[in-house]
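Undergrad: Can you build the whole structure from these sequences, using the hints too?
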Amino acid sequence: MLYARAEIIWIKDSLVALDMFLNKAEQESAMLYNHVDKENIGAFGMSYGGSIALSLTHVSDLIKASANLDGFYYSSSWEKPIKKPIMVMQNDTGDYLTFPFLNAENDAYLVTVKNSTHMNFTDYNEIIAENYVSKEVVGDEEFEQATLGELDPNKMESIMNTLLLDFFNKYLKGKDSQVIDTDELPEDVILLRK
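Residue numbers (the working numbering): 1 to 194.
There's no promise every hint is true.
Ranges of calculated distance between the beta carbons of each label pair, as one might list FRET restraints [stated by the list, open to error]:
1) TRP78 - LYS12: 15 to 23 Å
2) ARG5 - ASP181: 37 to 45 Å
3) VAL137 - SER29: 58 to 66 Å
4) LEU192 - ASN161: 16 to 24 Å
5) PRO186 - ASP123: 14 to 22 Å
6) LYS114 - LYS80: 25 to 33 Å
7) ASN115 - VAL36: 30 to 38 Å
8) ASN161 - THR93: 19 to 27 Å
To be clear, the hints were calculated from the coordinates, so they are not data collected in a lab. Every residue, glycine too, gets a C-beta built ideally from N, C-alpha and C.
TA: As structure tokens, then:
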């Protein structure tokens, strides 16, 4: 119930921000004046923001494609098939984005990045100089949990940039895919297409 209320607020906030951005871009004094294609808008986000990005495909005709970066699909409309192209990217510790991928009624891509964690999908790849490892003791056993996975942070950044750019270029700009529809995938990537 708490998430359902938060989801409504985040969706409304996203739509208000998009509307403000589009209105500002129409002003001749705006830096992006004549540079925004209002007919081809995509949404993407990480974690909760990724869930909202997928939800926006249900509520806005402006959103033509959506990408979710390692965000569990918390949505009050989770059973409703997504009718627009989506890319969902996840770390390799769980298959929690399989359902929106399988339930999609349009082109869909499920990307698993090997040797990554949830935080690899953030700017932590850039800002932490050394991977933080926490240690916990449960009973007589000690466990370690690293903030980032074993994947090189620069490689993770390259994977995300390459796949997201290729996805949005295909669905927003009408360009042929150079990566996501080929077998020339970055190392450490498992990609399923639907």
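Undergrad: Could you work out which earlier hints the structure fails to respect and list their numbers in ascending sequence?
TA: The structure breaks none of the hints.
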